[in-house]
Structures are given as C-alpha cells and as structure tokens.
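Novice: With chain A held as given, fit chain B onto it using these hints.
Here is how the chains run, residue by residue.
Protein chains: 2
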Amino acid sequence: MGTSDVSRIIVDGHGGDRAPHVVIDALAEILSLQRQVEFGICGQPEVLRSALQSKGLEGIVKIIPAEDVIDMCDAPALALRRKKQSSMHVAARAVRDGDWDAMVSAGNTGALMAISKLILKTLPGIDRPALASMIPATDGGTFFLDIGANVDCSSEHLVQFAVMGSCYLQAAEGVASPRIGLLNIGSEDVKGTDVIKVAATRLKESDLNFIGNVEGTDLFGDQVDVVVCDGFVGNVSLKTMEGVAALMLRTVKEELTSSWVAKMGAMLSGKALKRVKNALHPSEHNGAPLLGLNGIVVKSHGSADAHAYACAIDVAIREVEAGLIERTLDTMNQMSDAV
Amino acid sequence: MGTSDVSRIIVDGHGGDRAPHVVIDALAEILSLQRQVEFGICGQPEVLRSALQSKGLEGIVKIIPAEDVIDMCDAPALALRRKKQSSMHVAARAVRDGDWDAMVSAGNTGALMAISKLILKTLPGIDRPALASMIPATDGGTFFLDIGANVDCSSEHLVQFAVMGSCYLQAAEGVASPRIGLLNIGSEDVKGTDVIKVAATRLKESDLNFIGNVEGTDLFGDQVDVVVCDGFVGNVSLKTMEGVAALMLRTVKEELTSSWVAKMGAMLSGKALKRVKNALHPSEHNGAPLLGLNGIVVKSHGSADAHAYACAIDVAIREVEAGLIERTLDTMNQMSDAV
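Here the protein sequences line up with chains A and B, keeping their order.
Following the numbering used here from start to finish, the first sequence increments by one per residue and tops out at 1113.
Following the numbering used here from start to finish, the second sequence increments by one per residue and tops out at 1113.
Treat the hints with caution; some may be incorrect.
One copy or two, it doesn't matter: identical chains are merged, so the pair holds either way.
[Claimed, not checked] Straight line, CA to CA, 25 Å or less: simulated DSS-like cross-link-like pairs of lysine-lysine:
#1 K1027 <-> K1045
#2 K965 <-> K895
#3 K978 <-> K965
#4 K858 <-> K895
#5 K857 <-> K965
#6 K1051 <-> K1027
#7 K971 <-> K829
#8 K891 <-> K965
#9 K1048 <-> K1027
#10 K1048 <-> K1037
#11 K857 <-> K891
#12 K1048 <-> K829
#13 K858 <-> K891
#14 K836 <-> K857
#15 K1045 <-> K857
#16 K1048 <-> K857
Think of the hints as simulated: they come from the structure by calculation, not from any bench.
Isolated chain A, as found in the complex (with noise of 0.2 Å):
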C-alpha cells in the first residue's frame, strides 16, 4: 500500500469479453461498498471517458491512457514485445513505478504473464511466477497452483509454488498455518516422478505446513488448503473440472426437463439447484493471482460479469491490504536461512 490506508488498483479496460462496461459495472459495485479503495482504468482515453460518464464514475475514476489494445488471440511473445503501449503494459509499469499498488485484468492470459513477469519481475529467490486459482470444495475452497503458466517445473520451482500459496492463503484469506498437499497419483512417498520426490523431501524440512501427497480427488475435500503441482498437470485437471461440470449441468438440465413430474419438481427446487449452479460455477471465486512477481496482479475470467470482475477486484485489494509481497519476502528469507 501507498503512503496512506486506501489501496490503489488499476484495472485494465480492454480486457475480457464485455470490456470496458462490465469492467466499470464492476468499480462501481466496490465504490458502492464505502471500501478504502482508489481506482484508476488504463486504456484509449475517449472509449473509457464515454462509458465512465454513462456510470456517473467519471472524476471518480482516474483515467490512465494507453492507445495500444491486446487481443485475446495475440501470441503472448508478440504482444510482449510489440504493443509496449498496450493498456496491459502501461498498467504492469504504473505498479512497478509505485503508482498503484495492484493491477486486475481480465484480458489474454499468456500476455499478462509474459508482460507482469518482463516489467514486474519475480522476488528474490523466485524462478518462475505461477498462476493460481480458488477452486471450491467442501470447505470453502482449495487454492491450487501452477494451473498453466509453467508446463516444466523442477523441484525448486514445486517447493517456491508452495512458499507462494501458503503466504497467499495467510494474507489473503486469514488462514493461519495453511495445508500443503502435493497433487501425486498416490498418497505414498514412493508415487510419482522424481521431480515430485524431491519436492516432497525439501517441503518437508520446511517450516511450511507440508501434508504430504495428495490426489486429485483431495482437491474438493476439507484436508488439504494448498495444492501445488506444476502448470501442465493443473491446467489439465482445472479444465477437467470445468468439463465434468459442464456436462453434469447438462445431464441434470436434460433429466429435469424429460417429463412433466420431473419438471414439476425441478421448478420447486429451482431455487436450490440455481445455487448448485453457483456452487459450482463460482463467480464468487473469479480472481486468479499472478504470484511470485515483484508487484500484485489479478487475472480476471475473460467472460466474467459485473459481480464475477468485482471478485477479483477484492481478491487484489485483499493482497494489498495484507501486504502480500512483504509476506512472501519474509517467508523465502526464513527458507534460504534454514537451509
């Protein structure tokens, strides 16, 4: 945070599907909410002071120009190096410059990564930034890492991936001694690759609250509250839960929907399976932070509404607030002692 208590987030407005409405729609949700927050939207200066006015936000809403747009089909390597004017890259520079203290988007993954990551850069003693998601389970949520930004990790990079959720989970969520589990095929030492064996020998020498191996079926339990592999394996088991939900909407959508009983009944439950829907679809954990980099920044789900972008907007003020950055610092200094 800056010099005062009101934390400073810079959105960008070209970002996600129903940008730079939903965007706004968004700041004005949390404005309404009397939060000690400040905002500022970095993009093309008329697009952004049209639709600001529309909302009554214009004054309130400070406008950061940038003439430059990245689209979702940029390749990351491209838009890195060719659109420096982009709302994404004047955004990341105003963090690093100290200007604002966080940064949410919800535009083209690969690009944000590649660009937080050139301007940021990652903390002392951090290799790689990962990308991390909240993923709802019986007790609230599971935070799970690397979820696609590092398809080949080495040991080190398994046990910093943990350092950062755990610090995350602490600062972000209040959860004192979070859980580490690594996601294994097994929940013996002896399963899984090298790569994961070393990993679990380091974590356990640790301070961290290492659990041990864990499955993919842990995932949705109450056991662990950090699960950490590398970006292939969670990316592969991050969309196999959105297949199977997808599918079981459908399924049940179809069943309700096969006879006149069956629909009779699902218009009675309508109100309990809409919040099956949200349970399981949950705009309430929209927010995936980029962490490990030197500077705060929050992806958005590109198709998110108002309330979903509101989310990761409170997710970023939530790292601010609780000095994230600081915390992890402290905690990889206390790891590099002990060794």
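Specialist: Below, chain B alone, put in the same frame as chain A:
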C-alpha cells in the same frame, strides 16, 4: 477365442470389496443372458465352492484352484514376487497358456498390472501396457488412457497408447475410425511439452485418425473418441473427475433437502436425479482394460456391485469376440511398415 465360438473367461475370485459373492452374482447375471461364454473362477476352492453352491452355479462355473490371495494393500512388487500361487498369478498363467481367453479381476490394480506384464508380456512393438477407462461424455463416452500405469512416458509410448486405444474402440465398440487426441493445455501445435510435440508429429504421419491436441474440457464433449496422455496426468484427471462428481452430487443433495419446497421438488424429480447420478457414477462404464499385453485382462473397480462387475466381464467378452489382440498386432505391423 479358442477353437469354438465360445469366449472362455476366467475371473479372479478374491479381488474387490465383496468377493467372491459379487463376482459370482455377476457370472449369474451374464449366464442368464444365454451368451456364448464359459466361466472359470480362480481362488481358494472351499470358499468358492460354497459360494457357487449357494447360487446354484456349482458344476456350471469351473473352479481353478489357487491358494494365495493378494490384498488391496500389498505392494505390487512384493505381490509379484512373493505370492506366485495367488489367484491373480494363477489366472494370468491360465490365460498365457491358452486355457482361457481373458481374465477379469477387481483386485489390487498395481499388482494386476505387474503380474499381467510379467506373465503375459507386451505385444511385439509395444514397450509398456496401459490402463484405460471409458469416461462419460456427451456422445456416450471417451476412451481415456493411460490412467495410471506409466508415470513417465516418452513420445513413442504415447504413440503406442494411441494405437492401443484406436484398436480397442474399433474392436470392442465398433467405431470405424476412432478420432484420437493428445491431451494438452491448448489446441495449438506450440503448446505443451517436447514429449507431446514429438508424439503429435509422429501421429500426424501415421494412418491413425489423429485430430491433434485436445484439452481437459474436451474429454466430455463429442469431438474426440480416444484421449491419450501419460499415466500421471491421466490419473490426476480421472481423480479430479471423481472428486468434482462427488462434490456436485453432495451439493445437490444438500440443496435439495434445504427446505420443504426443495424436498418436495426433489421427490418429484427423484427418478430424473437418480438417472443423473447413474450417468455420472456409471457402473455401466465399469471395466478398465489393460491394453498392450499379449492377452486380455480387464480390471473391475474394487467397489463394483454385481451389475458393474458384469459390465467389466462384458468388456472382456467383447475384446475376445472382436479379436483385439490380433487387430492390435496388425495395426502395429502396419505402423512399423510405414516407417
């Protein structure tokens, strides 16, 4: 198949949670359908005899004596070396010797894989057997392998899995030209590990119907018939499915009992909801073939009920009837001729 048109299936009388009773009930179910099949059951004769008697199957199902039993908690390597008189060993040797056409077991998966590989060996040109499963999808099912037998895989192994999966669907399900996808974290050619990129190049050059990279969500759609990955990723994905499905069903149950209106609705929709549950925890999909072996082996889920176990036996019968081994050998020969 032997000299006649009758499929000769040997089942493991001791694997699974409720053996041998569930196993014998499954045999009774299949025998009641008047199929061209002859059954043997392998295990401790006294136990099996009294169980067969109580179901009126004594003299109809042949007992193949085996003194030892492999437990679910036995380490595969120890079970392999120390329990050579187990029902699993004896059944595998009986298949190797041509006394029976296929074996089915609900026992320890790791032990079954190790014993089958040692006794039956892999087919020429195939380095490692794989474990496969049919998973529910929009169009009925997607055939998914490897789901846990091989943690580290080379490009060549993935190509072999593709052949094995394609031949299985042709033989056992009658799919003329199965569409094969490589599980990856994006559909573009540049995505994923080097192992996957090389496998994709090899598959493009082959005669297989390779459609390219697919993602976790695609497992449940209708664009692909066979999805190939290494056993670590496959196992995590499969267990993620189980976890999401269990969480969703739990959430549905909680919500539908949360008020009297919801309860009444759930009562009316009861049959439809039961069909949802069956579609997603599908005993109809029980029966995971071990592929790439010089012999037919099918794994039943350890907690399978009689009908589910009968489905696993049905998988074995279809593999025998369709000549899966010969078909796989032919395809492997064509692949090596083409190189």
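Novice: Indicate, hint by hint, whether the structure satisfies it.
Specialist: So, going through the hints one by one against the coordinates:
no. : hint            : verdict
1   : K1027 <-> K1045 : both (14 Å within a copy, 13 Å between copies)
2   : K965 <-> K895   : between (34 Å within a copy, 24 Å between copies)
3   : K978 <-> K965   : within (16 Å within a copy, 33 Å between copies)
4   : K858 <-> K895   : within (16 Å within a copy, 58 Å between copies)
5   : K857 <-> K965   : between (45 Å within a copy, 22 Å between copies)
6   : K1051 <-> K1027 : both (11 Å within a copy, 13 Å between copies)
7   : K971 <-> K829   : neither (54 Å within a copy, 48 Å between copies)
8   : K891 <-> K965   : between (33 Å within a copy, 19 Å between copies)
9   : K1048 <-> K1027 : both (11 Å within a copy, 13 Å between copies)
10  : K1048 <-> K1037 : both (15 Å within a copy, 15 Å between copies)
11  : K857 <-> K891   : within (15 Å within a copy, 55 Å between copies)
12  : K1048 <-> K829  : neither (29 Å within a copy, 47 Å between copies)
13  : K858 <-> K891   : within (14 Å within a copy, 56 Å between copies)
14  : K836 <-> K857   : within (22 Å within a copy, 74 Å between copies)
15  : K1045 <-> K857  : neither (46 Å within a copy, 56 Å between copies)
16  : K1048 <-> K857  : neither (42 Å within a copy, 53 Å between copies)
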